[in-house]
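Engineer: Single-letter residue listing:
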Amino acid sequence: MACLPFLKQSPAGRIILMSSITGPVTGYPGLAHYGASKAGMDGFMRTAAIAAAPFGITVNAVAPGSISTEGLAGLGAQAIEAMEALIPLKRLGQPADVAGAVLYLASDLASFVTGQSLVVDGGQTLPEIPG
Amino acid sequence: MGYRIASDLAGAGARVFAVDLKQPPAPDPHGPARSVTHWQFDVTDEERVARALAEVDAACGRLDYVVNAAGVGWFDRDGPVATIDREVWQRVLDVNLTAAMLVCRHALPLVQRTGGGAFVHIASVAGLRSADDPMDAYQVSKAGLISLSRALALQYGPLGIRSNTICPGAILTPMIQPLYDADPARAERMAARTPLRRLGTVADVSSACQFLLSDEASFITGTDLVVDGGWTLALA
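Just so you know, the protein sequences line up as chains A and B, in that order. For reference, each letter of the first sequence is one residue, going 107 to 237 in the numbering used here. For reference, each letter of the second sequence is one residue, going 1279 to 1514 in the numbering used here.
Hints were generated in silico from the structure; no laboratory data involved. On a predicted model such as this, the values are computed, not experimentally measured, just so you know. Yeah, the Cβ is synthetic: ideal placement off N, Cα and C, and Gly gets one too. Heads up, a few of these hints could be off.
To be verified - Over 12 angstroms on every C-beta distance to chain B, these chain A residues come out as not near it, computed from the model:
id, residue
1, L113
2, I122
3, S143
4, L178
5, G182
6, A183
7, Q184
What the hints assert, rightly or not - Below, simulated SDA-like cross-link-like pairs (lysine to any residue); rule was C-alpha separation at most 25 angstroms, straight line:
id, chain 1, residue 1, chain 2, residue 2
8, B, K1300, B, R1329
9, A, K114, B, M1468
10, A, K196, B, R1340
11, A, K114, B, R1471
12, A, K196, B, E1494
13, A, K196, A, P236
14, A, K196, B, L1432
In isolation and in its complexed conformation, chain B is listed as follows (with noise of 0.2 angstroms):
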């Protein structure tokens, strides 16, 4: 999700600095030029997090868009507070949201130097209900996340800076690849439940993401626009 919205913001003409634990993978050799600089290591590393935004100081001496998009979600590990390890309650947490809280400690500084500007967050449906195959590591990371968000947005409104969320339901993205790998039935159920009878894909998400930090969002601070196909709310 990270890679499609950095692309897109690219396309759009912003220059773009994007951190994942991962290899980026090979640009389009086809495709437009993007200028986007691909820094590997893990976003929970507040020194590292710290010098790669004084190296965007460094490049452009501005800072306008901030995407908090980095987050794990772990079938196999998280589960219900019941039984769940404390190791990877703490990780979840540690990845999905204290890193979105360093990112945005240590870019605030240069956004408020730049005039104003604006925060989207990648949180989760999860967030605002409850999972029912339990990952409460997740869903609670969400929800804080959302929480962050709005802080972000009272206390920085007056400056200008804008911060906001996006709720996905189903998307098709690799870190969920796995679980439609192990049960190929499984797509065709979820877009079944889903009242727009398909599942989301990296596209929805990516122009939710333009359009909230697009001038067109001026006035849109502190809400959560959710991106599900109507799965929160039906019934049945």
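Next up, chain A with everything else stripped away, as it sits in the complex (with noise of 0.2 angstroms):
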């Protein structure tokens, strides 16, 4: 609310949130209100981008999977490698990647792509069976 007056002002304003797989695609032991709060901002995410579609405004999301940050170093390796067994890419995301997908969304290159949350997860939510 605060940004969009300034939003307004711009050719191509954008929103971009950080929402993830836990929550909008997958459960998580423990994790219920994280889970609760990224699901709702995905249902927000999609009708803030049809109130700001008129202003040329687009609003997006994206979804990291499992992204190797100084708090998940701190599981310690095996529980690393646990993780990565679960992803078809095989290894954890980088932050760089994140980042990458949000350039993407708040570049010209995406002023079609609204209302959407791009996951980034190296495949972890394909499987049928997860494990």
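Dock the two chains into a complex; use the hints.
Structural biologist: Structure representation (structure tokens):
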């Protein structure tokens, strides 16, 4: 809400939300609050996209999977290996991977993309049966 | 759409081989030279597809990117399952889905040998939702293509091969131009129903394709990038 007046003045306003696969796509024990907040954010994103569209402002989200951050590194090598095994691309994502998606959505190249959540998860949510 | 994608990829420095049933448009004499080899054959012909990939191998010894953009949308012949001609149903599935499978089947060994790569398949929002003017063969073929992409993504992810689809909404292309020629107010009506108040362009789809093939998308696989100006999220 605070940014809208400024975004309206821009020829190509962009709102990009940081979502997650946890909540919108998957469940994870202990993360009911996190999951609910992300799924809720996606719902907000879709309505905001429609409301902002008349001003040429696009509203999208990036939904990362398992990204290598300091928090994740703290879980130890074995836990990381277990996570990598579940990902078709066989590696954790890097912050640069998330940044790449954000940059695309922010650019003129994505001016016809709105209300979308771009999943950046190395294929983690693909399998019929997890694990 | 395929021409624009091929041309833009060549402009970005790629060596491009393109297939279509029709003659390619004459290259712009004032534009930059584009390294695009145009082949003219029916992509449902498996033997021709296999030969084409062998020629790519002979010419370059590698294959990094595959874009499945061939598709038909027969507004006058496609329709509801209740009345659609069996031959029309089969032909639409053959061109939009089976041909993509054949290209993947024959391209994968070379992409594997290259050490990895990326596929993009041009599907449609029709594959995610349901068309109000029924084109059942078309929407089923596009839904199938979305699933084919996921199969590739899961099986070949460990080999460093990614696969994604682009799901365009209404994009002004030669394929749908006849609809707009027959009904001049159609463009306005479609734009009015689009939150971003315009039709899509081949540039919108081409830039999405470039992004998905690029290193910026190297952790993106098995997804569907919807490029529809907000069509599929508006209720009315």
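Engineer: Confirm or reject each hint.
Structural biologist: Results for each hint:
no., hint, result
1, L113, "holds (14 angstroms)"
2, I122, "holds (14 angstroms)"
3, S143, "holds (20 angstroms)"
4, L178, "holds (14 angstroms)"
5, G182, "holds (22 angstroms)"
6, A183, "holds (20 angstroms)"
7, Q184, "holds (20 angstroms)"
8, K1300(B) - R1329(B), "holds (19 angstroms)"
9, K114(A) - M1468(B), "holds (24 angstroms)"
10, K196(A) - R1340(B), "holds (23 angstroms)"
11, K114(A) - R1471(B), "holds (21 angstroms)"
12, K196(A) - E1494(B), "holds (17 angstroms)"
13, K196(A) - P236(A), "holds (14 angstroms)"
14, K196(A) - L1432(B), "holds (11 angstroms)"
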